[in-house]
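J.: Each chain sits in its own coordinate frame; assemble them with the hints.
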Amino acid sequence: EPEVTQTPSHQVTQMGQEVILRCVPISNHLYFYWYRQILGQKVEFLVSFYNNEISEKSEIFDDQFSVERPDGSNFTLKIRSTKLEDSAMYFCASRPPDPLYNEQFFGPGTRLTVL
Amino acid sequence: GDSVTQMEGPVTLSEEAFLTINCTYTATGYPSLFWYVQYPGEGLQLLLKATKADDKGSNKGFEATYRKETTSFHLEKGSVQVSDSAVYFCALSDLYNQAGTALIFGKGTTLSVSS
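Chains as they are written, first to last, in the numbering used here: chain F, 44 to 158; chain D, 640 to 754.
Since the hints were derived computationally from the structure, they do not count as laboratory data. Fair warning: this is a prediction, and the values are worked out from it, not measured in the lab. Note that the Cβ used here is the ideal one computed from N, Cα and C, for glycine as well. Accuracy of the hints is not assured; some may be wrong.
What the hints assert, rightly or not - In silico contact screen, one side only, chain D against chain F (beta carbon under 7 Å); selected entries: (1) S671; (2) E681; (3) G682; (4) F744; (5) K746.
Unchecked claim - Straight-line C-alpha distance at most 27 Å; calculated DSSO-like pairs for lysine-lysine: (6) D:K695 to F:K100; (7) F:K100 to D:K699; (8) D:K699 to F:K85; (9) D:K746 to F:K126; (10) F:K126 to F:K100; (11) D:K707 to D:K691; (12) D:K688 to D:K716; (13) F:K85 to D:K746; (14) F:K100 to D:K716; (15) D:K746 to F:K121; (16) D:K691 to F:K85; (17) F:K121 to F:K100; (18) F:K126 to D:K688; (19) D:K691 to D:K746; (20) F:K85 to D:K688; (21) F:K100 to D:K746.
Unchecked claim - Each pair of labels, with its calculated beta carbon distance range: (22) D:E655 to F:H53: 32 to 38 Å; (23) F:T50 to D:T667: 33 to 39 Å; (24) D:T644 to F:T56: 30 to 36 Å; (25) D:P649 to F:E46: 24 to 30 Å; (26) D:Q684 to F:N71: 15 to 21 Å; (27) D:A692 to F:E46: 29 to 35 Å; (28) F:I81 to D:G640: 18 to 24 Å; (29) F:E99 to D:K699: 44 to 50 Å.
Isolated chain D, as found in the complex (with noise of 0.2 Å):
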């Protein structure tokens, strides 16, 4: 079935740091990718999006590229601040997939920035 694999945290930068946080992904159809974010005490938020192979998502200074030949949505930021500590998840939906519209999520990334 469909799956998302993220790397393990805690990832831990300095401020202004360059973040990458990997994942990859496994899937029948032709998913749409989701980078959502979970700040302390919150629920997920969707941070970016792509539908399609090629397309970037970006959102503050956030941004991933939807790669099906390396099946891979990899979230960058050129330069972290403190409050961008929260928990990373990638996700995917296959709307084309009979199971289609549940979101698979990977574990989750834990980002701690510090000043």
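With the rest of the complex left out, here is chain F (with noise of 0.2 Å):
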């Protein structure tokens, strides 16, 4: 069964540093996203993704997140320059290519810590 992947499962960085968070969507999908959990609390959106651009953003998807879609088979999301509060599992989400049908399906999570 096709499932939604993500690499690396856990990312440990200093503060200011540069992180990529990669995903690779189920290949007939075209909506994208990103969630993070920080320890203990909802998990929240962070950005959806379509026909190659940004659908939707939250409020916590400031100047310091940006996605891409680097090529047809992987979806990205880099953070510039990390904070301690970005320390969260963050979560990619893919959608079949129906608007009607909103299921979502998620990968495992990667586990993001900034010291």
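T.: Here it is as structure tokens:
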């Protein structure tokens, strides 16, 4: 069964460093998402991406964040200068092409630890 | 804005006990409602969903009914197993809201089932 994959599973970085989190969505999906979950808190929406551009973003997704689909398979989240409060689990998700089919399929997540 | 409230955990039950996890929502449009489950060390998996009022979603013995009059989507299972131990998230997605495709999650409820 197709699944969303994410790498790495755990990333440790120093404050101020750039990180890139990688996701491979399900191959025929067209809508892509990033969410994050700070330890002990709810899962929060960051950004959605469709047709090679951001379709919506939350207030969390500030200028330090960017997303890219560099080729036909990968979908990346970049944090330019990490802060301690960026430490969280980051989930990628994708959705099938039918706009009325709003089920999202999630990857296993990347745990980001900022020291 | 749209929001989801679910009961705080942890919920601790013995095997074969009855499970209820409460979830209520606030939405301005016509949301679809979801329950996602996160097993230890894994990503979010869709457990069940309902797309309109009075729909009942069901899967793996779990059920939830979309109640528009009480804005609720409570998760139930008649007889839990140890393997049901996980974190359960209630979520909504409002297709007709301008911020429509993002999933809005509750905080999650940890279920622990002992034999």
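J.: It remains to establish, for every hint, whether it holds in the given structure.
T.: Here's how the hints hold up against the structure:
Because the closest C-beta pair between D:S671 and chain F is about 5 Å apart, less than 7 Å, the hint holds. Annotation: D:E681 was flagged as interfacial toward chain F, and the flag holds, the nearest CB pair being 6 Å apart, inside 7 Å. Here the hint on D:G682 is kept, as its CB sits about 4 Å from the closest CB of chain F, short of 7 Å. Checking D:F744 against chain F: minimum C-beta separation of about 4 Å stays under 7 Å; hint holds.
Of the supplied interface hints, the one on D:K746 holds, with its beta-carbon coming within about 4 Å of a beta-carbon of chain F, less than 7 Å. This hinted pair does not check out: D:K695 and F:K100 have alpha carbons roughly 31 Å apart, beyond 27 Å. Restraint check for F:K100 and D:K699: not satisfied, since their Cα atoms lie roughly 34 Å apart, outside the 27 Å limit. Taken as a hint, the D:K699 and F:K85 pair is honoured in the structure, with Cα atoms around 24 Å apart against an allowance of 27 Å.
Proposed proximity of D:K746 and F:K126 is supported: the alpha carbons are some 23 Å apart, at most 27 Å. Of the supplied pair hints, the one linking F:K126 and F:K100 holds, its CA atoms being roughly 19 Å apart against a limit of 27 Å. Of the supplied pair hints, the one linking D:K707 and D:K691 holds, its CA atoms being roughly 8 Å apart against a limit of 27 Å. Under the criterion of a C-alpha separation no larger than 27 Å, the hint pairing D:K688 with D:K716 is consistent with the structure, at around 15 Å.
Restraint check for F:K85 and D:K746: the C-alpha separation of about 4 Å stays at or below 27 Å, so the hint holds. The straight-line distance between the Cα atoms of F:K100 and D:K716 is roughly 35 Å, outside the 27 Å bound, and the hint therefore fails. A C-alpha spacing of about 25 Å is found between D:K746 and F:K121, which places the hinted pair at or below 27 Å, so the restraint holds. A hinted pair counts as satisfied when its Cα atoms are at most 27 Å apart, and D:K691 with F:K85 qualifies at roughly 24 Å.
The hinted pair formed by F:K121 and F:K100 meets the criterion: a straight-line CA distance of about 14 Å does not exceed 27 Å. With a C-alpha separation of about 36 Å, the suggested pairing of F:K126 with D:K688 is violated against the 27 Å cut-off. Note on D:K691 and D:K746: the hinted pairing holds, with a Cα-Cα distance of about 23 Å set against a maximum of 27 Å. Restraint check: the Cα-Cα separation between F:K85 and D:K688 comes to about 19 Å, which is no more than 27 Å; the hinted pair holds.
Our distance criterion of 27 Å between C-alpha atoms is met by F:K100 and D:K746, whose separation comes to about 20 Å. Taking 32 to 38 Å as the suggested C-beta distance range, the pair D:E655 and F:H53 conforms, at roughly 36 Å. For F:T50 paired with D:T667, a C-beta distance near 37 Å keeps the hint of 33 to 39 Å intact. For D:T644 paired with F:T56, a C-beta distance near 34 Å keeps the hint of 30 to 36 Å intact.
With their beta carbons about 28 Å apart, D:P649 and F:E46 fall inside the hinted range of 24 to 30 Å. Between D:Q684 and F:N71 the CB atoms are about 19 Å apart, so this pair conforms to the stated range of 15 to 21 Å. Hint check: D:A692 to F:E46, Cβ distance near 32 Å, so the stated range 29 to 35 Å holds. In this structure, F:I81 and D:G640 meet the distance hint of 18 to 24 Å, their C-beta atoms being roughly 19 Å apart.
Remark: the range hint 44 to 50 Å for F:E99 to D:K699 is contradicted by a beta-carbon distance near 32 Å.
The structure shown violates the earlier hints numbered 6, 7, 14, 18 and 29.
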